[in-house]
Structure formats: C-alpha cells, structure tokens
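Under the numbering used here, read the sequence shown as residues 513 to 620, first letter to last.
It is worth saying that the hints were derived from the structure and are not from the lab. Every value quoted in this text rests on a predicted model; they were computed, and no experiment measured them. Among the clues, some could well be false.
Stated by the list, open to error - Here are the in silico distance ranges between beta carbons for each label pair:
1. Thr565 with Leu535: 43 to 49 angstroms
2. Thr565 with Val587: 31 to 37 angstroms
3. Val550 with Leu580: 41 to 47 angstroms
4. Ala545 with Leu517: 47 to 53 angstroms
5. Trp577 with Val554: 32 to 38 angstroms
6. Ala548 with Leu569: 29 to 35 angstroms
7. His575 with Val539: 35 to 41 angstroms
8. Arg579 with Phe546: 45 to 51 angstroms
9. Ala542 with Ala562: 29 to 35 angstroms
10. Thr543 with Leu566: 53 to 59 angstroms
11. Phe527 with Val550: 31 to 37 angstroms
12. Ala584 with Ala548: 50 to 56 angstroms
Here a beta-carbon is modelled for each residue, glycine too, at the ideal position from N, C-alpha and C.
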Amino acid sequence: MQFDLSAVETATMVFFGTLVVALVITVFMATAAFAALVLVGVGRLAWVIAASTLLGLVHGINHLWDRLVHHAATVEFPGELRGDFGTDFHGQPSPSTGTYPRVALRDS
513 MQFDLSAVET ATMVFFGTLV VALVITVFMA TAAFAALVLV GVGRLAWVIA
563 ASTLLGLVHG INHLWDRLVH HAATVEFPGE LRGDFGTDFH GQPSPSTGTY
613 PRVALRDS
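Model the full structure from these sequences, guided by the hints.
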C-alpha cells in the first residue's frame with residue numbers, strides 16, 4: 513500500500529507545514545539562546561580570571577614593595593649616625609666656609 517500525498521487535503525498539509533515551521537523556529541531560537549548564555553558565561557569567566565589575576569598581581573607587588581621598604585628600614589650601615597626624625601643626612605663641617613654643613617649622601 514502506497515501513501516498518496518494527493519489524497520491529503522490542502523488544509524491538513526498547511527496545518528502540518530505550519531507545525532514544522534514552528535518547530536524549526538523554536539529549535540533555532542532555543543539554540544541561539546543557549547549559545548548566548550554560553551558566550552555570556554565564557555565572557556564572565558574570562559573577566560573574573562583577568563580581574564583576579566590583575567588583583568593578585570597588584571597585591572603581590574604591594575606586598576613585595578612593603579617587604580623591601582621594611583627591610584631597607586632595618587639595614588644599618590657601619591659608622592652611620594642617624595639624625596633627628598630618622599633622616600639619613602649628616603652634617604659635616606665644610607672646609608671652605610665653616611658656615612653651612614656639608615651633606616654626605618649615600619648611593620640611592
């Protein structure tokens with residue numbers, strides 16, 4: 513027994529054709545929505561990774577700088593006399609005028 517499509521009424525074919533087109537549009541929209549959600553999720557993940565990396569880098573640099581400054585504050589040079597308020601400038605008499613102190617600077 514063969515199926516004869518010409519025996520089906522036009523209204524029935526239009527109805528089933530409409531259902532097929534609706535199903536195709538629904539699948540297309542669902543796929544597009546899922547793809548959009550995946551892209552938003554991947555973008556958010558990339559942003560979180562980049563922000564965390566930069567934040568960690570900044571905190572690491574700040575921590576290392578703090579350690580360096582604290583270490584530099586504890587270094588004692590032989591024969592060094594600290595002046596008031598912890599300054600490293602030492603007055604020495606000037607051989608030329610005797611009025612203004614000469615300042616001995618360390619290497620920076």
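How the hints compare with the structure:
The supplied range of 43 to 49 angstroms is met by Thr565 and Leu535, whose beta-carbon atoms lie about 45 angstroms from each other. Take Thr565 and Val587: their Cβ atoms lie about 33 angstroms apart, and the range 31 to 37 angstroms holds. Here the CB-CB span from Val550 to Leu580 is close to 45 angstroms, well matched to the stated 41 to 47 angstroms. Hint check: Ala545 to Leu517, Cβ distance near 35 angstroms, so the stated range 47 to 53 angstroms is violated.
Against the hinted window of 32 to 38 angstroms, the Cβ-Cβ separation of Trp577 and Val554 comes to about 35 angstroms, which satisfies the hint. Between Ala548 and Leu569, the C-beta spacing of about 31 angstroms keeps the proposed range 29 to 35 angstroms intact. For the pair His575 and Val539, the beta carbons lie near 53 angstroms from each other, so the given range of 35 to 41 angstroms is not met. Here the CB-CB span from Arg579 to Phe546 is close to 49 angstroms, well matched to the stated 45 to 51 angstroms.
The given range of 29 to 35 angstroms is respected by Ala542 and Ala562, whose C-beta atoms sit roughly 31 angstroms from each other. Between Thr543 and Leu566, the C-beta spacing of about 35 angstroms breaks the proposed range 53 to 59 angstroms. Remark: the range hint 31 to 37 angstroms for Phe527 to Val550 is upheld by a beta-carbon distance near 35 angstroms. A hinted range of 50 to 56 angstroms holds for the C-beta pair Ala584 and Ala548, which are about 53 angstroms apart.
This entry does not satisfy hints 4, 7, 10, going by the numbered hints stated previously.
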